[in-house]
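Residue numbers (my numbering), protein chains in the order written: chain A, 38 to 117; chain B, 38 to 117; chain C, 3 to 581; chain D, 2 to 224.
These aren't lab readings, by the way, just hints derived from the structure by calculation.
Hints may contain errors.
Heads up, simulated DSS-like pairs for lysine-lysine below, C-alpha to C-alpha not over 25 angstroms straight-line [stated by the list, open to error]:
no., chain 1, residue 1, chain 2, residue 2
1, B, K40, C, K328
2, B, K102, A, K78
3, B, K57, A, K89
4, C, K452, D, K29
5, C, K452, D, K25
6, A, K40, A, K78
7, A, K78, B, K57
8, B, K57, C, K144
9, D, K111, B, K57
10, B, K40, B, K91
11, B, K57, A, K91
12, A, K97, C, K144
13, D, K80, B, K102
14, B, K91, A, K48
15, B, K78, D, K29
16, C, K298, C, K338
17, B, K91, A, K40
18, C, K60, C, K517
19, A, K102, D, K29
20, B, K102, A, K40
21, B, K48, A, K40
22, A, K97, B, K78
23, B, K102, A, K102
24, B, K102, A, K97
25, B, K78, A, K78
26, A, K48, B, K48
27, A, K40, B, K78
28, A, K102, C, K452
29, A, K48, C, K215
30, B, K57, A, K102
31, C, K144, D, K111
32, B, K57, B, K91
33, B, K40, B, K102
34, A, K48, C, K144
Source: prediction; values computed, not measured.
What follows is the residue order along each chain.
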Amino acid sequence: MIKARVTVTLKNGVLDPQGKAIEGALGTLGFGGVGHVRQGKVFDIELDGSDKAKAEADLKAMCEKLLANTVIENYAISLT
Amino acid sequence: MIKARVTVTLKNGVLDPQGKAIEGALGTLGFGGVGHVRQGKVFDIELDGSDKAKAEADLKAMCEKLLANTVIENYAISLT
Amino acid sequence: MTIPNSIPITPELVASHGLKPDEYQRILDLIGREPSYTELGIFSAMWNEHCSYKSSKKWLRTLPTKGPRVLVGPGENAGVVDIGDGDVVVFKMESHNHPSYIEPYQGAGTGVGGILRDVFTMGARPIAAMNALRFGAPDHPKTRHLVSGVVAGIGGYGNAFGVPTVGGEVNFDERYNGNCLVNAFAAGLAKADGIFLSQAKGVGLPVVYLGAKTGRDGVGGATMASAEFDDKIEEKRPTVQVGDPFTEKCLLEACLELMASGAVIAIQDMGAAGLTCSAVEMGAKGDLGIRLELDKVPVREERMSAYEMMLSESQERMLMVLRPEKEEEAEAIFRKWGLDFAIVGWTTDDLRFRVIHQGEEVANLPIKELGDEAPEYDRPWIELPKPAPLASTDVPQADIADALLKMLGSADLSSRRWVWEQYDTLIQGNSLQIPGGDAGVVRVEGHPTKALAFSADVTPRYCEADPFEGGKQAIAECWRNLTATGALPLAATDNLNFGNPERPEIMGQLVGAIKGIGEACRALDFPIVSGNVSLYNETNGRGILPTPAIGGVGLIDNWSRMARIRFAGSGERILLLGA
Amino acid sequence: MIKSAVVLLPGLNRDRDMIAALTKISGKAPVTAWQTDTDIPDVDLIVIPGGFSYGDYLRCGAIAARMPVMRAVAEKAAKGVTVMGVCNGFQILLETGLLPGALMRNASLKFVCREVKLEIANANTTFTRAYRPGQVIRCPVAHHDGNYFADPETLARIEGNGQVVFRYAEGTNPNGSLNDIAGVMNEAGNVLGLMPHPENLIEAAHGGSDGRALFEGVLGIAA
Ligand SMILES: Nc1ncnc2c1ncn2[C@@H]1O[C@H](COP(=O)(O)OP(=O)(O)O)[C@@H](O)[C@H]1O
């Protein structure tokens with residue numbers, strides 16, 4: 038079995054209301070010196086088999102088709 | 038400036054409706070051999086200063102106080 | 003600066019701004035020199051179809067827009083209609099078709115956000131929303147993705163903002179395969195003496211920017227083409243606007259508080275081409291000039307150029323002219339709601355629209371002419387021959403029970419519950435009839451018996467067969483749906499979705515539909531008080547079905563006697579009325 | 002006569018519904034407390050209404066739970082004041098730690114607004130005393146994250162203690178909640194959270210008044 042982590046983040050310049058709200062909340066809680074916060078998603082995925090190249094290709098296809106909204110998001114794949 | 042990535046994932050045994058739905062959707066899309074999928078969050082955070090030890094301590098406090106719900110979530114911190 | 007103002011103006015650049023050579027010549031004649039890059043952007047924003055209505059204006063003027071109850075007709079952010087007892091209903095419908103096709107969740111959500119802003123900019127608290135949706139064939143590979151994204155996006159925005167969605171439409175046809183339609187309607191309630199307009203009054207008054215920060219959201223294709231001027235833009239920036247309903251809800255509360263404080267002289271929301279259109283409109287309507295200082299605009303991204311700031315479509319922003327003595331009070335209200343507040347300019351007496359950025363005057367244009375001198379076209383149009391009526395032998399013979407089942411199971415007639423259960427239909431506690439009936443009904447808060455009915459209707463295939471009759475039918479259907487609850491129809495808004503008006507047969511559809519709408523409205527005393535036109539809805543040279551969606555509002559004097567779609571009990575007589 | 006307070010936070014949007022319900026049923030408008038308030042006036046009942054506080058960004062109710070006013074609510078709760086959170090208010094109380102468990106995304110992943118059936122799982126509480134044990138009432142829901150979850154030990158404990166106050170009945174569970182849980186209270190019995198919206202079913206205009214008895218119970222008005 039192959040374990041993978043897919044990280045999906047917002048592209049630069051895309052408004053991130055969540056990140057902004059968290060920035061504000063951290064400030065309210067007294068954490069100083071916090072600059073930009075951007076929020077993204079991770080997916081931990083288990084895949085049958087042991088062919089890493091195939092797994093990477095499959096994961097890429099999964100990102101393009103479902104996991105990431107490539108209009109506004111970037112994705113990164115890492116096998117663990 | 039220090040850049041950090043905080044990853045928040047659901048604890049084992051905690052229900053993950055989003056992960057389950059993605060599992061199902063990947064199957065429908067014809068991706069075979071996909072086992073468990075779990076969804077989590079990442080936060081990319083910029084911090085003023087250059088004291089890494091202090092940054093880590095601060096980030097830990099942010100996770101405990103806000104970024105993670107430690108009843109159901111784990112967190113991991115990495116400075117980049 | 004990312005994009006310098008000194009970029010040379012080439013014919014290609016002009017074309018990429020959607021300006022035709024004769025339109026560019028008009029600009030040269032108007033200002034007597036070559037425009038700067040920022041000025042070109044400003045003209046493109048003011049003179050595009052969306053802002054200037056250059057293809058439709060001539061025909062829109064023929065619609066009946068007045069009536070004893072109409073307090074404000076087309077031309078403002080939304081129409082205003084008197085419902086008695088000092089109350090008014092404020093409403094409008096607007097399309098967000100293209101953005102919804104590109105990114106359905108955000109596109110549809112920001113469409114809802116835009117129409118809600120139009121309503122509360124006038125001083126009204128939104129009380130009801132509807133959405134009229136058209137998608138491609140159910141089995142088209144993109145349809146499922148678009149339907150689920152659009153519906154989730156509408157719910158995501160409207161539910162968080164806190165307005166009940168009480169009606170709408172969903173249709174499927176392969177003619178929308180490459181071009182879905184998302185038309186959002188919103189209505190709000192205000193006091194007749196509490197209506198706010200965009201006309202600035204008074205020289206030397208502060209122009210105040212409120213709401214969210216400005217980013218590069220939606221800065222059009224033209225900037226994308228210009229991205230090569232900046233080697234630091236490593237990835238092509240998405241032009242998608244992302245909605246933030248939380249900020250909008252705060253903006254609503256802050257605006258209503260500010261209006262109640264007596265601080266607001268004029269207010270305009272920043273919709274498409276935000277700062278440009280809103281500032282020019284406030285000045286031009288008030289016969290005043292505006293001087294904007296862009297260095298004071300709250301920005302979300304670094305190194306934004308004047309061009310980008312003037313064309314940004316970032317959501318959840320407002321421009322106001324405030325009474326100077328109330329400035330501090332106003333700022334406190336906005337800070338309380340966590341919103342940005344900045345004085346970004348002044349009203350002037352020179353009738354110029356001046357934009358200053360980093361010490362440079364990047365634009366200096368005649369403010370009235372920017373709007374008034376926009377091109378207006380009398381585009382050629384032809385009426386297509388009407389299709390011959392079906393012969394009775396053309397009608398396929400089928401078992402009635404089979405046919406009934408097939409119809410009930412068809413995409414166009416099946417239950418819409420899957421859609422409207424994703425919308426909060428009950429919030430505010432005033433929903434008397436939720437989707438599933440003829441019209442949505444919401445009681446008028448603070449009044450013991452009054453309620454308002456809302457319906458959105460059009461049947462595009464009728465409009466395709468005969469635009470004039472189809473336009474009439476859309477009005478008549480909307481009217482009937484309102485009366486079916488016991489409401490007296492008051493007025494309507496129209497959202498005219500068509501293909502490329504430069505093609506005479508499409509222009510013929512637009513003209514025919516407007517004539518039909520006008521005729522039906524006159525016959526029924528049902529004036530059009532606001533609306534929106536969306537043209538160029540086509541892919542690969544094939545236009546969508548002509549889709550003039552109508553949103554109507556009716557008044558129920560006593561809701562305890564309102565009619566519902568369900569039979570009220572067994573053993574009652576059933577009557578069939580009408581032709 | 003019982004005095005009540007409603008907590009106001011930016012992004013909440015059923016606050017007006019809640020204030021209207023409390024006012025109509027008790028004949029008296031509640032006082033309000035704002036996000037930054039560090040103290041809440043002396044009242045017998047504090048209500049946290051529904052909505053999307055802080056956009057529900059990060060997690061539902063997470064940011065709200067860390068605001069000063071919620072510290073004040075926790076202090077009052079510790080002193081025995083009755084506290085009720087509806088929908089987002091429930092999510093906030095969970096994030097504050099005043100109630101056990103968590104609310105996850107609906108199993109359908111979709112926002113759902115519809116009427117469900119609720120069973121009064123415990124009628125022996127401040128909140129449900131105006132209902133009959135086992136009574137099934139109508140009530141609307143409107144939420145995206147109402148899927149109640151607790152680990153097995155917690156679940157066994159709250160079930161054993163009678164802390165489950167409302168359950169979705171007759172197969173109407175709209176969100177996948179464990180054990181059909183729609184509302185839970187704390188062990189002391191003075192803090193309740195529930196996902197459905199009783200405030201939207203209290204008068205003829207709402208098409209029914211099944212939600213009214215909840216308010217009558219909690220406001221101490223004999224039904
Ligand atoms: N997008 C939508 N949003 C909300 N309600 C909708 C939507 N589409 C359809 N509905 C509702 O579903 C019901 C049936 O719609 P429709 O078949 O268009 O009704 P009719 O033809 O009677 O006007 C109506 O009550 C309508 O308001």
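**Study point:** Straight-line alpha-carbon gap K102/A to K452/C, limit 25 angstroms
**Key:** violated, 50 angstroms
Review point. Holds or violated: are the alpha carbons of K40/A and K78/A at most 25 angstroms from each other?
Key: holds, 17 angstroms
Check your understanding: Is K48/A within 25 angstroms of K144/C, Cα to Cα?
Key -> holds, 23 angstroms
Point to revise | Straight-line alpha-carbon gap K60/C to K517/C, limit 25 angstroms | key: holds, 12 angstroms
Exercise for review: Assess, step by step, whether the Cα of K298/C is no farther than 25 angstroms from the Cα of K338/C, and give holds or violated.
Suggested key: With Cα atoms ~20 angstroms apart, K298/C and K338/C stay inside 25 angstroms; holds.
Review point. Taking 25 angstroms as the top limit, are the C-alpha atoms of K48/A and K48/B close enough?
Key: Violated: K48/A and K48/B sit about 28 angstroms apart, past 25 angstroms.
Review point. Does the structure keep K144/C and K111/D at a Cα separation of 25 angstroms or less?
Key: holds, 20 angstroms
Point to revise | Given pair status - K78/A, K78/B, alpha carbons within 25 angstroms | key: The given pair, whose Cα atoms are some 4 angstroms apart, holds under the 25 angstroms limit.
Review point. If you draw a straight line from the CA of K111/D to the CA of K57/B, is it 25 angstroms or shorter?
Key: This hinted pair holds, its Cα atoms lying about 14 angstroms apart.
Point to revise | 25 angstroms Cα cutoff - pair K102/B, K78/A | key: Judged against 25 angstroms, a Cα distance of about 20 angstroms means the pair holds.
Exercise for review: Below or equal to 25 angstroms on CA atoms is what counts here, so check K452/C against K25/D.
Suggested key: holds, 18 angstroms
Practice item. For the pair supplied as a hint, K48/B and K40/A, confirm whether the alpha-carbon distance does not exceed 25 angstroms. Key: This hinted pair holds, its Cα atoms lying about 17 angstroms apart.
In this structure, the earlier hints numbered 1, 14, 15, 17, 19, 20, 23, 24, 26, 28 and 32 are contradicted, and the remaining ones agree with it.
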